[in-house]
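Engineer: Each chain, letter by letter, is given below.
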Amino acid sequence: MSTYELSHLRALEAEAIHIMREVAAERERPVLLFSGGKDSIVMLRLAEKAFRPARFPFPIMHVSTGHDFPETMEFRDKTVERLSERLIVASVQESIDKGRVVEDSGPRANRNRLQTTTLLDAIAEHRFDAAFGGARRDEERARAKERVFSHRDEFGQWDPKNQRPELWSLYNGRIKPGEHLRIFPLSNWTELDVWQYIDAENIELPSLYFAHEREVFRRDGMLYAVSEHKPLQEGEEPFMCKVRFRTIGDMAVTGAVESSAATVEDIIAEVAAARVTERGATRADDRFSDAAMEDRKKEGYF
Amino acid sequence: MDLLRFSTAGSVDDGKSTLIGRLLYDTKTIFEDQLEHVEETSRRRGDERTNLALLTDGLRAEREQGITIDVAYRYFATPRRKFIIADTPGHIQYTRNMVTGASTANLAIVLVDARKGLLEQSRRHSFIASLLRIPHLVVCINKMDLVDFSEERFEELRAEFAAFAMKLEIPDISFIPVSALLGDNVVEHSENMPWYEGTPLLYHLENVHIASDRNLIDVRFPVQWVVRPQSDEHHDYRGYAGMVAGGVLKPGDEIVALPSGLTSKIASIDTLDGPVDEAFPPMSVTLRLDDDLDISRGDMICRVHNKPTTGQDLEAMICWMTDRPLTARGMFALKHTTNSVRAMVTDVQYRLDINTLHRDDGVHELGLNDMGRVTLRSTGPLFYDAYGRNRQTGSFILIDESTNRTVAGGMLLGISG
Ligand SMILES: Nc1nc2c(ncn2[C@@H]2O[C@H](COP(=O)(O)OP(=O)(O)O)[C@@H](O)[C@H]2O)c(=O)[nH]1
Numbered sequence: 308m309s310t311y312e313l314s315h316l317r318a319l320e321a322e323a324i325h326i327m328r329e330v331a332a333e334r335e336r337p338v339l340l341f342s343g344g345k346d347s348i349v350m351l352r353l354a355e356k357a358f359r360p361a362r363f364p365f366p367i368m369h370v371s372t373g374h375d376f377p378e379t380m381e382f383r384d385k386t387v388e389r390l391s392e393r394l395i396v397a398s399v400q401e402s403i404d405k406g407r408v409v410e411d412s413g414p415r416a417n418r419n420r421l422q423t424t425t426l427l428d429a430i431a432e433h434r435f436d437a438a439f440g441g442a443r444r445d446e447e448r449a450r451a452k453e454r455v456f457s458h459r460d461e462f463g464q465w466d467p468k469n470q471r472p473e474l475w476s477l478y479n480g481r482i483k484p485g486e487h488l489r490i491f492p493l494s495n496w497t498e499l500d501v502w503q504y505i506d507a508e509n510i511e512l513p514s515l516y517f518a519h520e521r522e523v524f525r526r527d528g529m530l531y532a533v534s535e536h537k538p539l540q541e542g543e544e545p546f547m548c549k550v551r552f553r554t555i556g557d558m559a560v561t562g563a564v565e566s567s568a569a570t571v572e573d574i575i576a577e578v579a580a581a582r583v584t585e586r587g588a589t590r591a592d593d594r595f596s597d598a599a600m601e602d603r604k605k606e607g608y609f
Numbered sequence: 007m008d009l010l011r012f013s014t015a016g017s018v019d020d021g022k023s024t025l026i027g028r029l030l031y032d033t034k035t036i037f038e039d040q041l042e043h044v045e046e047t048s049r050r051r052g053d054e055r056t057n058l059a060l061l062t063d064g065l066r067a068e069r070e071q072g073i074t075i076d077v078a079y080r081y082f083a084t085p086r087r088k089f090i091i092a093d094t095p096g097h098i099q100y101t102r103n104m105v106t107g108a109s110t111a112n113l114a115i116v117l118v119d120a121r122k123g124l125l126e127q128s129r130r131h132s133f134i135a136s137l138l139r140i141p142h143l144v145v146c147i148n149k150m151d152l153v154d155f156s157e158e159r160f161e162e163l164r165a166e167f168a169a170f171a172m173k174l175e176i177p178d179i180s181f182i183p184v185s186a187l188l189g190d191n192v193v194e195h196s197e198n199m200p201w202y203e204g205t206p207l208l209y210h211l212e213n214v215h216i217a218s219d220r221n222l223i224d225v226r227f228p229v230q231w232v233v234r235p236q237s238d239e240h241h242d243y244r245g246y247a248g249m250v251a252g253g254v255l256k257p258g259d260e261i262v263a264l265p266s267g268l269t270s271k272i273a274s275i276d277t278l279d280g281p282v283d284e285a286f287p288p289m290s291v292t293l294r295l296d297d298d299l300d301i302s303r304g305d306m307i308c309r310v311h312n313k314p315t316t317g318q319d320l321e322a323m324i325c326w327m328t329d330r331p332l333t334a335r336g337m338f339a340l341k342h343t344t345n346s347v348r349a350m351v352t353d354v355q356y357r358l359d360i361n362t363l364h365r366d367d368g369v370h371e372l373g374l375n376d377m378g379r380v381t382l383r384s385t386g387p388l389f390y391d392a393y394g395r396n397r398q399t400g401s402f403i404l405i406d407e408s409t410n411r412t413v414a415g416g417m418l419l420g421i422s423g
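So the protein sequences, as listed, match chains A and B. Counted from 1, the first sequence has number 521 at position 214 by our numbering; the numbering is strictly sequential. Counted from 1, the second sequence has number 170 at position 164 by our numbering; the numbering is strictly sequential.
So that you can see chain A by itself, here it is in the shape it has in the complex (with noise of 0.2 angstroms):
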């Protein structure tokens, strides 16, 4: 006899699904961020459960710093290609060449700042007004208190004291001309709980996220890759060293962690008994102020 139980997976699953329909039923031209990580991996099976045997009412867009792991970027085509769904990329570069952004330089520059203006450029461009995310509010304080459907104004700021109160599964999906909605559909998942669903659903990832051999160096107590986007300074040497990756973005600012993972059942297993947050391992930009995250969620970062 059945006892009408779903598992944690099958409810956080349900209510993504749930968000996403409620958007593409009410809102006219969303757009799903990609990023290659495993997050937006979760997002595109998440969708496909959502709206399949159709396509998915929306495109999926990158926005590529240009100093994106090559395997990102493999696996980010591979897969378009595998949903035959539509790909946009949003370019950094571009951005710079425009005159739009200016790049930082120094030991510590990376792009990541960069992308909030070709983000919301790109929003602009397209009209799109609800764009997907796949941050989660475990991920770190600022979180805590984001909405699902996070309301941006039309300079894409988020205020933290006009944002819409949600209650039961009732979504409030209005916005005005020239505003959008950041959708949150994994807000209540936790790094755990996308792991696990990675193996139920044995959900291919880039390979980056399994240990690997690759040639690194370390930097104000992190692991970097060895890449071109990120000369060695002096004193610096690089090695060889088992890593994965905990987070995938920009080359230059996501470290790696020493491990031996190389499955999807280790990972769950690392993850389970690891003490430090993924963002606090892996993501140097979060680091240097305690409300680093809060500000540029303000300026309308994802």
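Since the hints were derived computationally from the structure, they do not count as laboratory data. Be a bit skeptical, because a hint or two may be false.
[Claimed, not checked] Footprint (simulated), chain B over chain A, 3 or more residues, beta carbon under 8 angstroms: (1) 310-316; (2) 360-369; (3) 470-480; (4) 484-498; (5) 533-546.
[To be verified] Restraint-style ranges between C-beta atoms, simulated for each label pair: (6) B:Ser408 - A:Arg526: 48 to 58 angstroms; (7) A:Lys549 - B:Gly123: 37 to 47 angstroms; (8) B:Met350 - A:Gly485: 28 to 38 angstroms; (9) B:Gly317 - A:Val409: 40 to 50 angstroms; (10) A:Lys549 - B:Gly52: 37 to 47 angstroms; (11) A:Lys468 - B:Gly317: 31 to 41 angstroms; (12) B:Gly123 - A:Glu355: 52 to 62 angstroms; (13) B:Ile223 - A:Pro360: 25 to 35 angstroms.
Bear in mind the structure is a predicted one, so any value in this text is a computation, not a measurement. Note that beta-carbon positions come from the ideal geometry of N, C-alpha and C, so glycine has one too.
With chain A fixed as given, assemble chain B with the ligand onto it according to the hints.
Structural biologist: Just chain B with the ligand now, kept in the frame of chain A:
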């Protein structure tokens, strides 16, 4: 492993943050970098000891004021269950936040300071839990270490609360004597209170039976999205996607679609992983029917002999959530399940004093954080159940059409006269 959502509301200093901090800490949910960060911030602020409250404190403005003023969601898991905490401030000016946190909760934790007894704030939290129909309430009598772990004091407070609880519509109320600071009866059974025969808080949270809290009797399927692939391969496919709001659906079931009243049978219940034998709340599925009916978003699929109320004259209890007061004749966008209509508040019947549950019959205006009984008239029919029977088909929100803000959460009462 299933999912339990619970809300906590606390007045300042009753130990809510300490309790949550302990649950997170003892279930190994706090990471080293978060803890380091909190230790450092505590030092910088000149706090005497590491202030675990900072863990649940998100935004800068709030940090400056030293208080939490919004709903913060926290997560932890044990091998038995995943938990989502909606952590809300307890002061009366944050009633709307408490209501928001309570709207999705299966269970509410109310803290009572063992020294102070049942104060206004704890009463109010309990009333809100009851109005929002949270089926399980756990009353944690906290700071037991400060009353010598006295059984007598615990029994006294329990009796006092039980007398008050007669007014509540909460079917399951438990009492646990705890010391959030020292950890007694939070995760481990307390050695200081051998007289307590119940289970520690975490065990209770892990085992409380929530499966039958959902309405599995009345089939309710609000149509959310019509799946129509414009491809050769799926040329004739037409599926009605949505989240089951009540009852159990099976292929072969006879159904009726509202408002059309047309009937058909469920041909299959589709998911990406193939058809399933049954669907129940809160699954998101796609229904295909034997006949080609004209069904669209906002329609309700249910059983022929068990239909929801259809109506435009609505009676509701609402919580008002914006500065501009609500008076009669206010016009709003109303969202109920997947249905959007416009509605006029034709009458504000009374304000509810949420400290006492008394009706202020003389008040016909609702201010920010007020709750009250209203009558509404909608431009189109809603297919609804009384909130007490189904929290999904009995709830709605009101949206101000000029600012697009969500200005009220509402709970529908039975059929209006
Ligand atoms: N002795 C004792 N003190 C406690 C207990 N729980 C909390 N406290 C203290 O009460 C004060 C307020 O606690 P806090 O968790 O910040 O309360 P909140 O305002 O409800 O979040 C702090 O100084 C805590 O250390 C307890 O069980 N026993």
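Engineer: With respect to the beta-carbon atoms only, verify the hint that Gly123 (chain B) and Glu355 (chain A) lie 52 to 62 angstroms apart.
Structural biologist: For Gly123 (chain B) and Glu355 (chain A) the Cβ distance comes to about 55 angstroms; the hint holds.
Engineer: Do Lys468 (chain A) and Gly317 (chain B) keep their Cβ atoms within the hinted range of 31 to 41 angstroms?
Structural biologist: holds (37 angstroms)
Engineer: Could one say that the CB atoms of Met350 (chain B) and Gly485 (chain A) fall in the range 28 to 38 angstroms?
Structural biologist: With a Cβ separation near 29 angstroms, Met350 (chain B) and Gly485 (chain A) satisfy 28 to 38 angstroms, so the hint holds.
Engineer: With a Cβ-Cβ cutoff of 8 angstroms, does the region 533-546 of chain A contain at least three residues near chain B?
Structural biologist: As far as the region 533-546 of chain A goes, the hint is violated, because 0 residues have Cβ atoms under 8 angstroms from chain B.
Engineer: Could one say that the CB atoms of Ser408 (chain B) and Arg526 (chain A) fall in the range 48 to 58 angstroms?
Structural biologist: holds (52 angstroms)
Engineer: Taking 8 angstroms as the C-beta cutoff, is the stated coverage of the region 484-498 of chain A by chain B satisfied by three or more residues?
Structural biologist: Since three or more residues must qualify, the claim that chain B covers the region 484-498 of chain A holds, with 3 doing so at under 8 angstroms.
Engineer: Taking 8 angstroms as the C-beta cutoff, is the stated coverage of the region 470-480 of chain A by chain B satisfied by three or more residues?
Structural biologist: holds (count 9)
Engineer: Taking the Cβ atom of Ile223 (chain B) and the Cβ atom of Pro360 (chain A), is their distance within the range 25 to 35 angstroms?
Structural biologist: Since the Cβ atoms of Ile223 (chain B) and Pro360 (chain A) sit about 32 angstroms apart, the hinted range of 25 to 35 angstroms holds.
Engineer: So does Lys549 (chain A) sit 37 to 47 angstroms from Gly52 (chain B), Cβ to Cβ?
Structural biologist: Cβ of Lys549 (chain A) to Cβ of Gly52 (chain B): about 44 angstroms, so the range 37 to 47 angstroms holds.
Engineer: Mind taking a look at whether chain B covers the region 360-369 of chain A? Criterion is 3 or more residues with CB to CB distance under 8 angstroms.
Structural biologist: holds (count 3)
Engineer: For the region 310-316 of chain A, count the residues whose Cβ lies under 8 angstroms from any Cβ of chain B; is that count three or more?
Structural biologist: holds (count 6)
Engineer: Kindly confirm whether 40 to 50 angstroms is satisfied by the beta carbon distance between Gly317 (chain B) and Val409 (chain A).
Structural biologist: The hinted range 40 to 50 angstroms is violated for Gly317 (chain B) and Val409 (chain A), with Cβ atoms some 60 angstroms apart.
The structure is inconsistent with the numbered hints 5, 7, 9, although it conforms to all the rest.
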